[in-house]
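Student: Spelled out, the chains give:
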Amino acid sequence: MPFKIELRKISFARGQNTILDGVDLTVEPGHVVVFGGRSGSGKSALLEICAGHLKPAGGSVLWDGENVSAMSRYELYDWRKSIGYVFQVHALIANHSVFDNIALPLKCGTDLSGEQRKNKVLALMDELEIGHDIMTRFPETLPAAQLKSVAIARALINEPEVLLLDEPFSGVDPLTVNRLISVLHGKWKKGGMSIVMASHSLSAWPEWSAGRFVLKDGRLEPAGNAFATVKDLGGNQRYNQRYSYAK
Amino acid sequence: MIKGVFSIVRGTWNMVYSMSGLLFDTLYAAVRKGRAPNLSLMSQVNRQILYTGVEAFSLVGAIAVLCGSAIVLVAMLNMPKLGVGEYFGNILVIVVVGELGPFVTSLVVVGRSGSALAAYIGTMKVSREIDALEMMGIDPIQFLVQPAFVGIVVSIVCLNVYFITIAILGGLTVAQFVTGVPLGIFFDKILEALQFKDIFFSLLKSVAFGLIVALVSSWHGLNVRNVRMVPIAALNAVVGSMFFTLAVNLMLSFAYYVL
Numbered sequence: 242m243p244f245k246i247e248l249r250k251i252s253f254a255r256g257q258n259t260i261l262d263g264v265d266l267t268v269e270p271g272h273v274v275v276f277g278g279r280s281g282s283g284k285s286a287l288l289e290i291c292a293g294h295l296k297p298a299g300g301s302v303l304w305d306g307e308n309v310s311a312m313s314r315y316e317l318y319d320w321r322k323s324i325g326y327v328f329q330v331h332a333l334i335a336n337h338s339v340f341d342n343i344a345l346p347l348k349c350g351t352d353l354s355g356e357q358r359k360n361k362v363l364a365l366m367d368e369l370e371i372g373h374d375i376m377t378r379f380p381e382t383l384p385a386a387q388l389k390s391v392a393i394a395r396a397l398i399n400e401p402e403v404l405l406l407d408e409p410f411s412g413v414d415p416l417t418v419n420r421l422i423s424v425l426h427g428k429w430k431k432g433g434m435s436i437v438m439a440s441h442s443l444s445a446w447p448e449w450s451a452g453r454f455v456l457k458d459g460r461l462e463p464a465g466n467a468f469a470t471v472k473d474l475g476g477n478q479r480y481n482q483r484y485s486y487a488k
Numbered sequence: 007m008i009k010g011v012f013s014i015v016r017g018t019w020n021m022v023y024s025m026s027g028l029l030f031d032t033l034y035a036a037v038r039k040g041r042a043p044n045l046s047l048m049s050q051v052n053r054q055i056l057y058t059g060v061e062a063f064s065l066v067g068a069i070a071v072l073c074g075s076a077i078v079l080v081a082m083l084n085m086p087k088l089g090v091g092e093y094f095g096n097i098l099v100i101v102v103v104g105e106l107g108p109f110v111t112s113l114v115v116v117g118r119s120g121s122a123l124a125a126y127i128g129t130m131k132v133s134r135e136i137d138a139l140e141m142m143g144i145d146p147i148q149f150l151v152q153p154a155f156v157g158i159v160v161s162i163v164c165l166n167v168y169f170i171t172i173a174i175l176g177g178l179t180v181a182q183f184v185t186g187v188p189l190g191i192f193f194d195k196i197l198e199a200l201q202f203k204d205i206f207f208s209l210l211k212s213v214a215f216g217l218i219v220a221l222v223s224s225w226h227g228l229n230v231r232n233v234r235m236v237p238i239a240a241l242n243a244v245v246g247s248m249f250f251t252l253a254v255n256l257m258l259s260f261a262y263y264v265l
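Protein sequences, first through last, are from chains A and B. Positions 242 to 488 (my numbering) are the ones given, in order, by the first sequence. Positions 7 to 265 (my numbering) are the ones given, in order, by the second sequence.
Just so you know, the hints here were simulated from the structure itself, not pulled from any lab data. This structure is a prediction, so every number in the text was calculated from the model and none was measured. Even for Gly, the Cβ is constructed at its ideal location relative to N, Cα and C. Check the hints yourself; a few may be wrong.
[Unchecked claim] Computed from the model, here is a short list of chain A residues facing chain B with C-beta under 7 angstroms:
| no. | residue |
| --- | --- |
| 1 | R279 |
| 2 | K322 |
| 3 | F328 |
| 4 | V330 |
| 5 | L383 |
[Claimed, not checked] Chain B residues, not near chain A, derived (Cβ > 12 angstroms throughout):
| no. | residue |
| --- | --- |
| 6 | K9 |
| 7 | C73 |
| 8 | Y126 |
| 9 | F149 |
All chains, please: the whole structure from these sequences, using the hints.
Tutor: Here it is, written out as structure tokens:
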């Protein structure tokens, strides 16, 4: 079952720059929350705080009511077995092939046999339309869109209860974006996992998201509809029309 | 001046303290109850042994023949003149088995694999691969440092045995060509002088040096913060490993004569 994530009065700074200033966010089990914001507004920091990777300067992160900062390193690792995380940079293991990268969470966290792992990885690759021909290739030989698909596959292979996505569709062509969104939608509907996504690409915000926010001046504000969101982010009407961000 | 010395001592103390923490974490990660299975451990250990041990075989073999020949020739030609010819076997055991074998092999491993390991882990840190491992719930120490420890220790021990064998056999063969004295006579002297204690301390040194190389290199790699620090980490891994290897070598050599 997905678990509830609560951020209470989160503040975070890099040097003298305040990035997050009293952010409150609750992700109910099975809900989809999306937030946007300008580059450098703290989207990645907020996601990493959600995952317990960055320690906030103030406030607390709770996973099912348990304080993350009070957890030991090993407790965190145990929790994270049920979290899928996609970094803004693909962060695939450079000396592992595409297949080994996707299979890594299974190899280092489950007792599945080699055959079972292979079947599971191949099925997911088919679902995400990752060609079997790139299975033995290494990450540095792949284009950005395929790297993102592989990174998403790696995050999904363990059937996570919570999926955290940091700019998952940047540098990805629209067709692949549609495919990835439909796969995510299918997994969300089937398994009821929670999804938290940071993306400044409003066209990629799923319509099925329960919460939409904009990070502005270190605070998280409700975004309303996608059309209004561009204004919140500092865009203008002409820009919206030209790039058809809004429906 | 005093302030500078104090800051160097404090910096070294902090580094040793932090390294001992990494050593403890590595040992604890291996025995911790409820640790996740790591099915890729053996393949990573094998890969480390391939890079550190197998690929260094020809280099270590060449160094062993050259060192062994020089020592055997110098000992054969000079010891009788000094009236200590009967101690030929003892000298060879002390120099080759006790000192050169473990130390030269560890130097080769430091130069080849220590710097490579620090650069590898450092690059993974910069490209966020280590963060990705942590996000997957994979302990980077269990995934990266443990296989390096096992692989490097096994490699250095095997290289040490190989070095000693090649140095003695190669050296005696070269000496036979130069002096014409049958190989068997000197070989018997070496076997007479060789004791269990010599072999034990030689292997103990190899294990200790392997742990030092793996620990110091991994620590420098894990402490990389940006891409500019990667070559510095590789450099510091070599310098630090050599320093600690020499220090521990001195301690173990002292222990050999005391015990």
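Student: Against this structure, judge whether each hint is valid.
Tutor: A quick look at each hint next to the structure:
1. R279: violated (22 angstroms)
2. K322: Holds - the Cβ of A:K322 comes within 7 angstroms of chain B, reaching about 4 angstroms at its closest.
3. F328: holds (6 angstroms)
4. V330: holds (6 angstroms)
5. L383: violated (14 angstroms)
6. K9: holds (27 angstroms)
7. C73: About 34 angstroms separates B:C73 from the closest Cβ of chain A, which puts it past 12 angstroms; holds.
8. Y126: violated (8 angstroms)
9. F149: violated (7 angstroms)
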